[in-house]
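A.B. asks: Using the hints, position chains B, C and D against chain A.
4 protein chains.
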Amino acid sequence: MEVVITALGPDNVGLADPIIHHVTGQGARIAEIQMYDHDEEHLFAMLCRIDIPATEFDRLSDAMRQIGEVTGLAIRVWSSELRAERPRLAVCCTYLEHTPRAILEAVRDGGINADVPVVISNRKKLAPMAAEFGAAFEMIGDGQGTSNDALMVELLDRYEVDYVVLARYMRILPPSTCWQFAGGRIINLHHGLLPGFPGFRPYHDAYGARMLTFGATCHFIIPELDAGNQTINQRTFAVSPGTKLDEVIRIGESENEPACLTEGVRRVIDREVYLHFHRVVARKAK
Amino acid sequence: MEVVITALGPDNVGLADPIIHHVTGQGARIAEIQMYDHDEEHLFAMLCRIDIPATEFDRLSDAMRQIGEVTGLAIRVWSSELRAERPRLAVCCTYLEHTPRAILEAVRDGGINADVPVVISNRKKLAPMAAEFGAAFEMIGDGQGTSNDALMVELLDRYEVDYVVLARYMRILPPSTCWQFAGGRIINLHHGLLPGFPGFRPYHDAYGARMLTFGATCHFIIPELDAGNQTINQRTFAVSPGTKLDEVIRIGESENEPACLTEGVRRVIDREVYLHFHRVVARKAK
Amino acid sequence: MEVVITALGPDNVGLADPIIHHVTGQGARIAEIQMYDHDEEHLFAMLCRIDIPATEFDRLSDAMRQIGEVTGLAIRVWSSELRAERPRLAVCCTYLEHTPRAILEAVRDGGINADVPVVISNRKKLAPMAAEFGAAFEMIGDGQGTSNDALMVELLDRYEVDYVVLARYMRILPPSTCWQFAGGRIINLHHGLLPGFPGFRPYHDAYGARMLTFGATCHFIIPELDAGNQTINQRTFAVSPGTKLDEVIRIGESENEPACLTEGVRRVIDREVYLHFHRVVARKAK
Amino acid sequence: MEVVITALGPDNVGLADPIIHHVTGQGARIAEIQMYDHDEEHLFAMLCRIDIPATEFDRLSDAMRQIGEVTGLAIRVWSSELRAERPRLAVCCTYLEHTPRAILEAVRDGGINADVPVVISNRKKLAPMAAEFGAAFEMIGDGQGTSNDALMVELLDRYEVDYVVLARYMRILPPSTCWQFAGGRIINLHHGLLPGFPGFRPYHDAYGARMLTFGATCHFIIPELDAGNQTINQRTFAVSPGTKLDEVIRIGESENEPACLTEGVRRVIDREVYLHFHRVVARKAK
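Chains as they are written, first to last, in the working numbering: chain A, -19 to 266; chain B, -19 to 266; chain C, -19 to 266; chain D, -19 to 266.
Worth flagging that the hints you see were computed from the coordinates, not collected in a lab.
One or more hints might be untrue.
As the list makes no split between identical chains, a pair holds if one copy fits it or if it spans any two.
[Claimed, not checked] With a straight-line cut-off of 20 Å between C-alpha atoms, the simulated DMTMM-like cross-links for lysine to aspartate or glutamate are:
no., residue 1, residue 2
1, K264, D226
2, K105, D38
3, K105, E243
4, K224, D(-3)
5, K224, D17
Just chain A, same shape as in the assembly (with noise of 0.2 Å):
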């Protein structure tokens, strides 16, 4: 079983020992082993992928929550093969309704097999759809939108959730965040063409290089972000000269940006990609 490990502490000093210590004496196969330290955030973190008998998931995490406990680092423990069968998902979203719902949708219709407990967003707007689908909706943004990060990664933990959809969630998550779920855990949809168009305005930009092509972009995201690298799907749609920005972004937002994600989301539930050293593979056909 292959199984993910990610630390998280506020010095460098002793954060990789105790884990590595422990997961090499249990016999455990060393598949990747990232570190990071970047001092000036005082963020130190570890992502440890080793192969192990299913039957000892169970007590390495023990070994890692006293781990945890005793050196006060944040240890996860995760494998893509427990709940291989129903993973469970977390929709983030903000306003934009198309693309959280058409997770929704996909999961309802049963075309992404997985289920989605907890809908998680920072502003109140799409609480109504959460219910629509019989989901938990958790609000985590204060009055401004302002998105309390510490929160989330607790929701994440309490809901028990497997991967991180973020459906047009219109903030940044904080490297913290991306560690703790480190190894492929968070997909997220960007409006625009990576590598080309990464900012915040994508259509604006595209359009104003008077592009007539313009597209999505489903891609993992990790700690150091250099997106690009993760892409999972890519979906473009093409319109003809003269056709307004208004128009384009109606396009990309209600049919292309629903079926790049969809299509994304998917083609990981159903394990035929996964993030292998900072890299989307192609698991190979059985």
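C.D. replies: Just chains B, C and D now, with coordinates in the frame of chain A:
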């Protein structure tokens, strides 16, 4: 009638004066003038777009011919309205057959309402294709594929070509050729999405950026190449993660590029779009 | 005498005709014409550079004034040779004092052979600086710093300004202003190396790219902004690894930018460089 | 003592396990682990930075040698503290003499406190320069200049080299070489300002962008090349408008590059900077 006059000369002394003097003396309305002086390349050029009664076209052409003879300038007079019902295309190509063949087939089948009197190439390979469609084949390359650009210009005049279609023609047109056929007469197929992937290996570049969407761009070439603003048509296709580059290129060359170029040329021939002050503009429906 | 005529109008009908007709009728040699038509912005403009005997300048100005009155076009006639011995500068600024003060000091101390009749700003802060150097201070900002661009143009005319020096003036000039003073009359100080760092926060961007060299660029502003081609002067400084961003900005603003802009303005005023067909050219030594 | 262990293998099975197992078993503190798996290139690598008592260094080296022999991995153990007083440099070069000579002179004159036991080149041209400074000259190129990268690694080991200085060495090091000397041991001189001008012709590119400032960058090479983050030193020079490219290159190669590289190498040798989690960090003054 909208008429485009282009002039090219070896220095900038007296380039514009005789032409503009004549044109304003005849009472023509000047819609656009662009001049270019690049001392380092000894290239001085002008584009002048004017409105005149259609009955004046021949007289203007004669006058410009005389000015050209006296001054030594290379002057051309052209109007998209001259042969609007059935313009004449030159198809320029090198080795790759998909895109030039697509144009020839679309012309034969009526998708593009034009004639192709000549296929121009810097390599012999596609001579049989020209013969198959009843077009003359003109070779402008030496043994190494280096093109005789002056001969190309001569051929475009001799065959009374309205539009030059670069269908994976693998040479860069020199600025002097671009200026002589300025005003929206040179249509290029670039095998990548502009402006993001402008180079010689756009499939490789997009693949290296780990994109899952690839595209082609049909655009007017203008003398000072800031490609991107002159897009006539763009077309894309998506692939699954894990698709090999060979397969990407195969789909792109055999399916996407031909469809992209054919539709782009059709838009120009059907007068849906035209070049206006360096930008592609959609003609308002009547 | 080389004369620049600029014209600006609300539509492109009849913009160029009367001016060009008059100019060619007088036998002037046309050295350069550029026209601009951006339907979306309702901005139609022309720059026309001609050679005439100096004795004809006043007559030309009168004629253009009359054409302007009749047609409603905004027409300007200017020659860099008019006040070549001691041109008149407008120094435009906002909050930062280092660069405008450097220009005023260089003028006072003789490093720049020019006069500064007016300091223009969208903020009140630097009014005392203008007073200190005996220049008028003209406020064009409302309370929020939004500039009255039409008033700026009026002031530039009223003070008979030859060159506009943007010394950390933190507003973008609209295209209409750029066109009215086209031909190499607007000199900007950008606080980053162009073309690599074009944005609003070039120190932050270069620092984020972990560079150890930072720079400033003095350049002509031309109507369609492809900054980089119009560089008059660039100046850099290096820092040691570990230098804080604050210190980088302090050195840049207090030492590097003033020196960069002062030398750039001097080059223009001393007629070492000029703008020729959108490019900066070094004037040949006599 | 901070020790860097690098390991390289043909597959990722069992790459990390024996090394990490040994290290943790000995009680070493793990400061950094980075792993790399690029299936397409069959390259699997690890960097492991640990803290041990200096007295343990030899024992660790022995253990790693044994693990290497048993597993077939290429393992290296190194510490910057080993020969901190006088580290050993390999100077790698091709045709251009300015930068390698500058290093050799600085070493001779005491500006750089190091020894240069060997000059390595893929061309014979600079053999006399090596002789002049009493360094061995090792040729790793075939007749066409293609380098024998395996031989280079062998030579670096044979001459017990601490730091590899690429002084206009015109070959790209393969990732396997970069990984084997990871951890801040390979210092490159790039003849342009990074990250803006990364290519093979940075002088031409900057000149083509009509810049008036040109620069050079001294940086660590890290295995996955996102050059720019690893800058050790940058140095620039400015030219007047109208300066020819030949003159720019002459100044750059003969004056700016040697000074840039010499100061960069000095900073590393004097332990002012080091590579820490992919970034250059200034060592705090004691």
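A.B. asks: Would you pick out the hints that fail for this structure and give their numbers low to high?
C.D. replies: 2, 3 and 4
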